[in-house]
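Q: Spelled out, the chains give:
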Amino acid sequence: MQKTEPKKNWIITSSAFHRLLNWLDEGENSDGQNYLEMRQRLVAYFDRKNCPTPDEYADETLNRVARRLEEAGTIESESPAKYCYIVARFVFLEYLRGTNKNLVPLDDILEQPQVRQLAATELSEEKEVKEKMLNCLEHCTGKLEPASREIIISYYHGAERVKIENRRALAEKLGVSTNALSIRACRIRDKLEICVAKCAAET
Amino acid sequence: MSKQEYSNQAITEYLLGSLPEAETEHFDELSFTNNEFAEALKSAEKDLVDSYVQGELAGRTLEKFKSHYLSSTARRQKVEFAKAFLLFTEQNIIETKTENSAAQRARPKQIFLKFFSALNIFANSRPVLKWSFAVAALAFMFTAGWLWFANIRLGQQPANESIVKNDARLEREQNNQNRPQIPPTVDTENGKEIAKVTEERERHEQRLKRKQAPNQQRNIERKELRVSKQPLSASPSKINTAFFILLPPVRSNNSIPNLSIPARVRYVAMRLQLESDDYLGYRVALVNPSGDKELWRSGKLETKISAESKALNVRFPAKLLKSQIYSLVVSGIKINGVDEIISNYSFRAVVK
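As you go down the protein sequences, you meet chains R and G in turn.
Residues 1 to 203, numbered by this note's numbering, are exactly what the first sequence covers, in order.
Residues 1001 to 1352, numbered by this note's numbering, are exactly what the second sequence covers, in order.
Looking at chain G on its own, in the form it has when it is part of the complex:
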């Protein structure tokens, strides 16, 4: 029998005693004779009970659940178990995520240890391999040494160039000195004029050299920067998560913040700043504009405390949001395990 002969909705109606008699008898028989239906029935019942415990049932379905489903002691025990079980999964899902991230952090250490343990194979391998490894190591060391010397040689080049320049300058000066000098006595006024111009020229030349020297240094530095600052990756930037911070709502202020959410973003992360941290833990629910439907709910959260504030970090899929107003309802978990709504962070999502 194919699954199309019964839907999840029909199974739910059956569990709530809402089906007509003929269909009920048909499903009664299927629960014995069809293994696939029997498994689907068990799974649907668990999901129905979980939905009730998590407050997802509403209207007629909730009424029928209370009046029909809870009329049996065995089924009430299932609900009690589900309450404890769902609380247990919430507590442990955080531990599981912490263990996974710890395992990820331990991975580089494991790779590091594996690398060094791999070196032990050379201790026990054949002599041919040992000698090959030794030769390879020597070749590597020789190459490294040659490259090091080459680097030192290249580093000394600017000093050599300056020596050449000095030589050139000395040559120029010598040439200047070899120029026939106008004796001052022949034409004193012209001589003074010439001396003044020469002096001025020398002053200008020195000033020019002083100006050029720092520019040359800057050019060298720019070249070095261009060499060292290679792009690390050429991949185009991808936006995975849009981040926002929401301040505690103020009663006197009715304005609702607008949050621009790019359409290509996968997640929306929010940091909800709290006025106080009085609870053992917190839960956050994303609620639709009319406030009657919960679109997303977090597990148990703990506050992140910094020097200036206490806050809760949440992250949920961006595709839950359309361009309209939403609320993030924050509940505190009391010592007796009961949730108490403490704050409501409204925002207007603008999906672009």
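Next up, chain R with everything else stripped away, as it sits in the complex:
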């Protein structure tokens, strides 16, 4: 596989973007869902690697894949998911090479006055943020279907063994496996998290 190099002047066009969508769909039209899922996995990957701006690195990865598709017409050596992972790994290694030159000891960072001030501000705003989040949760769960609302509240209620028992009972009540319930609850929670983030930013 050719090593993908950053090409700063290359801008993704509409046709390149559609080619990327079709390639990720692998013949079955997903209305862009596969693209969104892949982007989400890329963001999560770069976040796990402690990259400061995971969204940007995820977009950079997808841009490079789109450019490669535009140049080669198709990529058949790997599956779309594996190819995206390989490109992401290269992007991450480049990030590591770039950051090694600019490493600053953590103690030096913490002693900077603006960092101390930021910490103090965060503590005082924490209560306000929590209040805002609760209001947004009320608003966002109100937009859910009653069944989804019940799932999301019941699934995450309780602690340790009580939580496990609750989930088992809920899965039985809904007539699904615990795995299927876990996936459903996860997706509802992700949706809520996005809605709350948007709501909190607007208020």
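Do not take every clue at face value.
What the hints assert, rightly or not - Result set (BS3-like, lysine-lysine): computed pairs, CA atoms no more than 25 angstroms apart in a straight line:
| # | chain 1 | residue 1 | chain 2 | residue 2 |
| --- | --- | --- | --- | --- |
| 1 | R | LYS130 | G | LYS1300 |
| 2 | R | LYS163 | G | LYS1300 |
| 3 | R | LYS49 | G | LYS1066 |
| 4 | G | LYS1066 | R | LYS127 |
| 5 | R | LYS191 | R | LYS49 |
| 6 | R | LYS130 | G | LYS1078 |
| 7 | G | LYS1293 | R | LYS163 |
| 8 | R | LYS198 | R | LYS127 |
It is worth saying that the hints were derived from the structure and are not from the lab.
Following the hints, position chain G against chain R.
A: Frame of chain R; chain G shown alone:
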């Protein structure tokens, strides 16, 4: 790929950056190429964050969570969201239970209304059905009336029996009267003797009748009771919940109450009496003997106030308990949302 190739523990280690490099890269690739793994990873991350928020992490896992997981802004935002979200679910789980119980209470009313709405179908049905219903109603009324009269007739029977008895007594008296009477003049002493004995006999008879009358009444009442007091169900008794009341702990008193818990019980319910009610809400946690592991935690609770005391009601699965000492740690929720431990109810569970 089967789930056996990765465990929940391995996923947690991966999220905390504790896996060796080769395994980390393997999981990195799986997070893209294996949909099942990707979903399990998302779910495990949420559970890990929730465990941290609920104070369930300890030791090395907690250290790694703080040092590694919280080093990212995006992940710290997930923790903030989880804090608000879990508080929200606790507040709303009580509302959900209240709505369910209200729905259950409304069910008999709905059944009642449905019954009467079903009667409307006779208004719009064919004439044959209408007449059939009318005939059935008449037959029902006739049967009910006949049974009512029969009941009245049966009720009058004791009065008739007493009339028959009176007749029999009258007959006896007449027979007595028809007996040849010993003229007193023939043998005065014997006559007096006889009169005395007769008088005594009559007195005894009356006393006996007076004694028998209430017994007869009691027998009738017992029969009526036996008829009316049929057992409602023949099902064997089942013990679902064991109930206990725990008083506020006293500092000077070190004794720990022993609670006998039958092995077949499903739940243990406790009423924890409080010395005061100063908080917006409360939470109760069941803690193991060493106090470092929380076995069960309640949602947000409110006190039940009666004329003599304030108390919290909790219920948890009986299978959490073995024969040893436990503590129920009560925390009060302050206005700023922070929990403050206010009391510790220790007890010794004796599981039989």
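Q: So, for every hint listed, does it hold in this structure?
A: Structure-based check of each hint:
{"no.": "1", "hint": "R/LYS130 x G/LYS1300", "in the structure": "holds, 18 angstroms"}
{"no.": "2", "hint": "R/LYS163 x G/LYS1300", "in the structure": "holds, 15 angstroms"}
{"no.": "3", "hint": "R/LYS49 x G/LYS1066", "in the structure": "holds, 16 angstroms"}
{"no.": "4", "hint": "G/LYS1066 x R/LYS127", "in the structure": "holds, 21 angstroms"}
{"no.": "5", "hint": "R/LYS191 x R/LYS49", "in the structure": "holds, 24 angstroms"}
{"no.": "6", "hint": "R/LYS130 x G/LYS1078", "in the structure": "holds, 12 angstroms"}
{"no.": "7", "hint": "G/LYS1293 x R/LYS163", "in the structure": "holds, 15 angstroms"}
{"no.": "8", "hint": "R/LYS198 x R/LYS127", "in the structure": "holds, 19 angstroms"}
Checked against the numbered hints above, the structure violates none of them.
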